[in-house]
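Undergrad: Spelled out from the first residue to the last, the chains are:
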Amino acid sequence: MNLEGVYFFPHTSRPVHAFASLSPERNLIIVDAAGTVVAQAPFKAVVVSQRLGRLRRRLKLPDAGHFETSDNDGVDAMLHQAGRLRSGGLIDRLERSVKWVVVALLLAVLSVYLLVAYGFPAAAVWLARETPASVATIISEQTLQTLDRLALSPSKLKPIQMQKARTLFARVSTLGARGAAGYRLLFRHGGVVGPNALSLPDGTVVMTDELYVLVQRDDELEGVFGHEIAHADRRHGLQMLYEGSLIPAAIVLVTGDPSQLGQIAAALPAILIETSYSRRFEQQADDDSAVMLKRIGGDPAALGEFLERMDRKLCGQKGCSASWLGSHPATADRAARLRNESGRSPNGGQTRRPAPHG
Amino acid sequence: MSDSATDSVAAPTLHTLEFRGTGGEYFRIWIVNLVLTIITLGIYGAWAKVRTLRYFRGNTFLADHPFDYHASPVRILIGRIIALVLLLGYSISARVHPYAAVAWGILLLFALPWLVVSSLRFNARNTSYRNVRFNFVGSLGGAAYAYILWPFLAVITLLTLWPLAHRARDYFYINNHTFGGKAFFTKFSGWSIYRIYLLGIAMLFGLVLLAVPVAILVLLPLGLLKTDPKTMGALLVGPIALLYLAFLYAIYAIPIVVRTMSINLALGNTTLDGRHELRSTLSPLRMAWIVLSNAFLTLITVGFYYPWSRVRLARYEAAHLSVLATTDLDEFTSEAIATQGAIGEEIASFLDLGIGL
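These protein sequence lines map, in sequence, to chains E and U. The opening position of the first sequence corresponds to residue 0 in numbering that gives the first Met the number 0, with each subsequent residue numbered one higher. The opening position of the second sequence corresponds to residue 0 in numbering that gives the first Met the number 0, with each subsequent residue numbered one higher.
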């Protein structure tokens, strides 16, 4: 067996057209075009680079001379002849086999799916639960400050309206995981945010004036509070934060490419995943809210009716088309789910009298 | 392709780099790397990195000879584990105490020169061409000068000195690389790099000034049609989306244009051993097109275009870098270089410090 290639004398960059062969004594013999032996060494002391694509193989001699050849099959045969072909060729065989590449492709898709669908959410739940309260407080304060600076302004509600909202909030918050003292209600004028309520990880619930004036019954506002308290209890905000940072981190770790390209490529799945998470979170918060409402004798369906009214107010008579960007489940679906919850409850029919507002 | 047997006192020959890898071949390597890395929870990543770099260097040819990459995966794995432990330490302590983040930031600032030097040294020493290794001989002081002092000066002068900071970084990078003990050297005037940045700023201003009249020109005829609002809305969606995309493209393209021109400037003025001249003729607009269309295609294929995108970029870059060699490049001899650990390299790559030209 004779491999054709190029030989470099130790430490030089001058290529010499040469041939390599294995002697019966298992020595690697390298001869130049004229047939003169230019180098030889025991084959077991020769370092052979692993096969990779059509890359030239490098046979490094103990004296730092090296022989390189494009004859990959010839090198493998030589290794085989010398009894040295071990696991080194396994990866290359995987890469060259169409069957295994297809298997790898499917495995990649499957494992990414499992990681994204189960791994990251589980990790985020764990991280969110383990986050110390002091950190949750800092994050909440920062978020509130940013919101105040960018969008929100002081509330224009009358003291009596605030008092009313606080009474309802206190009633619902006693059912929260942290007890009534673990939550506080803040009033803000929404401006561009419009009718909205949001919860921060430390148990702060912010309600905009615009939301308050849309409320027609006490149950509705209680339902909203229950929903926001559930978000805080389940630490949905922190989970979003962790999920948002876990995905790009994992992509960088796996692809080893933190370049612009990788980051742009990472953005799309992250957005898709985030919207599906927030869908799940809204549903969980609705369910928790329904449970709380039932315990204080309210009607869970009221929240659904309120959401539908808010929808009509925001999107005109025909309602918003589908679920807008998918970030919230379609309001009709949520309302139906809440009505269902209300119907199943034994005392769900005991709707309290509508209370005038405003 | 040159014949290595020609006389070494012949006229200078222009050798252009050539990338011979293909997207399909790299795709197979990439997908196997990806799967093995995921199922070994990242451990195989070190081997994957070596295979990837070997594939790219080994398929880059100069005068019919390939480059080669020699790093040991085990060293890279050790480096990664240490980098990961440090990063975990950072994120945990930053969560427990907010000031810990500040402390780590200061520590990073002091460690930066070491990270830069050891990352560049690791990459250079593990790269070879024709049996001869590259090396990086930059000092910690030099790294502090280029990566801390100059950026600091640029910031306190409201970025007016930024092009000079950029030049200091390029000088540090190129002038400290050696091949077979012979130095690379580049030198160019401050004005030549200022000109590139001024052009970039002019492009940015031009874009903003252009956006308004173009928007009016495109949207006005549509507005004059006096159709009813519903049809009007449908008519406007297309042009507005197109304008927006064109604007977005231009915004992302400008930094790439500036970077490409500065690479051409720095490498185009580089010599090896004072005799062999480097040429860099990358087209800034073509580079912007390749990088941005690659990003777009990778995005819409959920990442599966990525192997082809890397090959496409490598092929274009190689085809526009050449060496005007006064000899056959066979006079180089290897110097004795100790191998070194990969800790600095791995921390630097985890932090994406963007060390390079």
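No lab work stands behind these hints: they were computed from the structure. For clarity, every value in this text was computed on a predicted model and none was experimentally measured. Warning: the hint list may mix true and false statements.
Not close to chain U: a few residues of chain E, all C-beta gaps over 10 Å, as computed [to be verified]: (1) P14; (2) R25; (3) R55; (4) A63; (5) L93; (6) R95; (7) A103; (8) V111; (9) A329.
Cβ-to-Cβ under 10 Å is the rule here; a few derived chain E residues that face chain U [stated by the list, open to error]: (10) M0; (11) N1; (12) V5; (13) S12; (14) V36; (15) V45; (16) V47; (17) H65; (18) V97; (19) Y117; (20) G190; (21) V191; (22) V192; (23) N195; (24) D232; (25) R234.
Coverage of chain U stretches by chain E, computed from C-beta distances (three or more under 8 Å per stretch; other residues unrestricted) [what the hints assert, rightly or not]: (26) 28-42; (27) 58-66.
We put the CB at the ideal spot given by N, CA and C, even for glycine.
Undergrad: Find the hints from earlier in the document that the structure breaks and name them by number, from lowest to highest.
TA: 1, 3, 4, 5, 6, 7, 8, 10, 11, 14, 15, 16, 19, 20, 21, 22, 23, 24, 25
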